[in-house]
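Colleague: One-letter residues, chain by chain:
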Amino acid sequence: MNSQTPNETGTVRRHRLSTRLWHWLNAALLYVLFTSGLGIFNAHPRLYWGHYGANLDAAWLEIDRFPGWLTLPALYSLAMSRHWHLAAAPIFAFALLFYMLWSLANRHIVRDLAFRSDDLAPRHIWQDIKDHARLRFPTGDAALRYNVLQKASYIGVIFILLPLIILTGLTMAPGMNAAWPWLVDPFGGRQSARSLHFIAAFALVAFFLVHILMVLLAGPVNEVRSMITGRYRLPEERP
Amino acid sequence: MILTRRTLLLGATATLAGCDRLGRNESVREALFSAENFHRWAQRSLMARDALAQEFRPDQISPIFRANGTANPNTPAYKALWRGGFADWRLPVTGLVTRPLSLSLAQLQAMPHRTQITRHDCVEGWSAIGKWRGVPLKTILEAAGLRDSARYLVFRCADDMGGGRSYYESIDLFDAFHPQTILAYALNDRPLTVANGAPLRLRVERQLGYKQAKYLMGIEAVASLDGIGKGKGGYWEDYAGYDWYAGI
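Heads up: the sequence lines are chains A and B, in that order.
The opening residue of the first sequence carries number 43 in our numbering; numbering runs sequentially from there.
The opening residue of the second sequence carries number 1272 in our numbering; numbering runs sequentially from there.
In case anyone wonders, no lab produced these hints; they're calculated from the structure.
Small disclaimer: the values here were computed from a predicted structure and weren't measured.
Positions of the beta carbon are idealized from the N, C-alpha and C atoms, including for glycine.
Treat the hints loosely; a few may be bogus.
To be verified - Computed beta-carbon distance windows for the label pairs:
1) B:Ser1316 <-> A:Trp66: 24 to 32 Å
2) B:Pro1462 <-> A:Leu143: 15 to 23 Å
3) B:Leu1444 <-> A:Leu162: 37 to 45 Å
4) A:Ala100 <-> B:Met1432: 29 to 37 Å
5) B:Glu1413 <-> A:Ile241: 29 to 37 Å
Next up, chain B with everything else stripped away, as it sits in the complex (with noise of 0.2 Å):
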């Protein structure tokens, strides 16, 4: 038997070419996308519903917190409420809740914070420590009255990731009340910069970087994903095929 360094390198290609092949199919790639399924229920199987996402210490925190994605909205509805020192962005709550609400910076603020020293784990691979200040979810939940048949919060975003389509996102219940998910104002005790995310962003620590969505202009209460953007849940998952779970 001979085998050459071309056999092996034809061997090889003619292999990946194969499974490339294979992960085209339809039902292949169904099998392949459903390992979200198992990750979120084996994740979700072995963590309490409020187990925290490990925190750090000061000394930790990166000296530089990578801003990733979308380093500035750059419309000009964004420009306008930038110049403005966000006095005029509000965060509009709606959809299945009982009292719809809309908070001003200063409201929000004002209100009961929570500070964690948290690792964000991007979806390429690379992590950043960083320490955010912000409002539990719940508390505005809790406010808003969410109604029984709220099932996911979908947040909508100011960047325009082309085609007029603004970034979005969704969580479900599980994660939006729990304590560490919160709407950050504060990265390392500075208000957020632009390239992080200002004025508001989310941030739902036992998850992946895409589900951090930044720009926050409006939070909605609803029962499905369906009618959400192409139904997956998220702008990175409607385009391009991320897990809607992003725990690993």
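Only chain A is shown next, with the shape it has when bound in the complex (with noise of 0.2 Å):
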């Protein structure tokens, strides 16, 4: 994301071919994860630290259960979340691991991602956050670069809320527990990676929500077309 002059449409090239499929297979993925897994949880909704935990041990968190509403499927079905949840987990971790490798490759990681020495300068942060507070979005070439606030959400859901869940799904699977055994210990045991597991989850909604906000605080046209064609209008500068 070089500076570029607009073509005679007037748009430049914001996001790579691999960033936009990534990004919309995700958006479907964690929609049939989230949903399904709220299912799954509804089976025992509650959390615990450690080990173990059942129903005579103190639960941390404790609800009644999540609506029809918001589970898939919206009729309560333990297997068929589970089938739902175990279907889609595995094309979701293993399509992180590829956009990972692929954006190390073609260097989307380095060169937009990474922070510059200059973006962690505390009076640089300060200023990107009263420029968020006061919704002033970047304008012209400063807009096809990431800001720092931008930056640090991308690799804090990249490379630690995603495979913060993924693995934490990993060490709730028996089977595992066989195969890599040392992966739960890290965690505090299976019950504290399942409530790390759920609290990743909500972390994520988090990030959505803000997302979805700034998406249509920005221009929510301009914005949604650059994840689909790839194309984006450069703001105009602020007189």
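Combine the two chains into a complex, taking the hints into account.
Modeller: Written out as structure tokens, the structure reads:
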């Protein structure tokens, strides 16, 4: 995403094909994973810390259940929720892996996501926070680069939240417990992993809501088009 | 673009309803159910045949081991066995074996045993850690002489699930000969209670709770699961759509 001159339609290339494909695949998969995950959670709507945890142990969170309009399927079926969840999960995990490798190879990570030295200057970060709070979105060439808050949230999601949700998901599998017994301990045990899986899912929902809000504020047509066709109209400089 | 809470809710509900409809489509169901094959293949590619499920220290045992499913079979036949301290109970080992067996509890308890402190993971999401003692299934299968054509072990149970159907489960040879696959008669150094499957239950530690058949009444070696129940290999597999491979 270097400086570009707009073409005859007044747009510039913004998102690579790999980013666009991964984005929409994730939109569909995360939707299925979240709603079927809530369906699975309804089978035992209590969360614990540690290796074990069942009804007679102390739970740190206990709810009645998630309503049917949020779960897949709407009518409680642990078997169907699990089929949806376990079918979508491997696609989601391998898509992330391929996206990471591809983005490493095409230098998307190094060029667009990695912090630059001046990104992390406290003054710059503070300026960015103020700009966000005032909803002053970048214009011209600056709109082609991710700002520091954007970078932080994309790095946080791609390299922390998504791997966390995949690995905690894997540790809940008794088969993986035999294949990779070392995987569960860093999370503090299977029930801790289940709690972290749940927390990460809601952290992703929070990311999604802010993401949608930012798209709406920054110009939804231009933003959505850039994620479909890759082409983006540079916002005009403010006078 | 005006997005109200109402349109968002309607949108979310409509999309979910769409997924729900998809979930009832036969070929979509087939695709979703086939994920089980991927998980079985992937997990077994990643694990050695004898890879052990994690074992724990005595101080990590759950204070109370939650009992789930049938709490008491309560059939006249089971009650009679229980009243007699299971002295009249026998475990037939039949099917594709060269020497069919009929084992009493005393005979099983006299055989070499294995003790393991493992985590029981229910399909619902909870876990309990308990100390099991029992006879490795491998020992019994070797005594019975499994025929080459045998591919699965089917476990028949005493609990009536309604409609005259008793609980049943099955595993394949990959898990049947695993060192941690035992027929357990003791939990936390005491004889199995009725709630936890007295007098004998299966432990197959690399799979979920519904595979750990309780109240064992017989083991049958078979070549295929086709003739068992509705053919999916277990009660919940046949009647609720659970995966036969419960490694995840």
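Colleague: Could you run down the list of hints and mark each one as holding or not?
Modeller: Against the structure, the hints come out as follows:
no.: 1; hint: B:Ser1316 <-> A:Trp66: 24 to 32 Å; in the structure: holds, 30 Å
no.: 2; hint: B:Pro1462 <-> A:Leu143: 15 to 23 Å; in the structure: violated, 54 Å
no.: 3; hint: B:Leu1444 <-> A:Leu162: 37 to 45 Å; in the structure: violated, 57 Å
no.: 4; hint: A:Ala100 <-> B:Met1432: 29 to 37 Å; in the structure: holds, 32 Å
no.: 5; hint: B:Glu1413 <-> A:Ile241: 29 to 37 Å; in the structure: violated, 47 Å
Consistency note: the structure conflicts with the earlier hints numbered 2, 3, 5.
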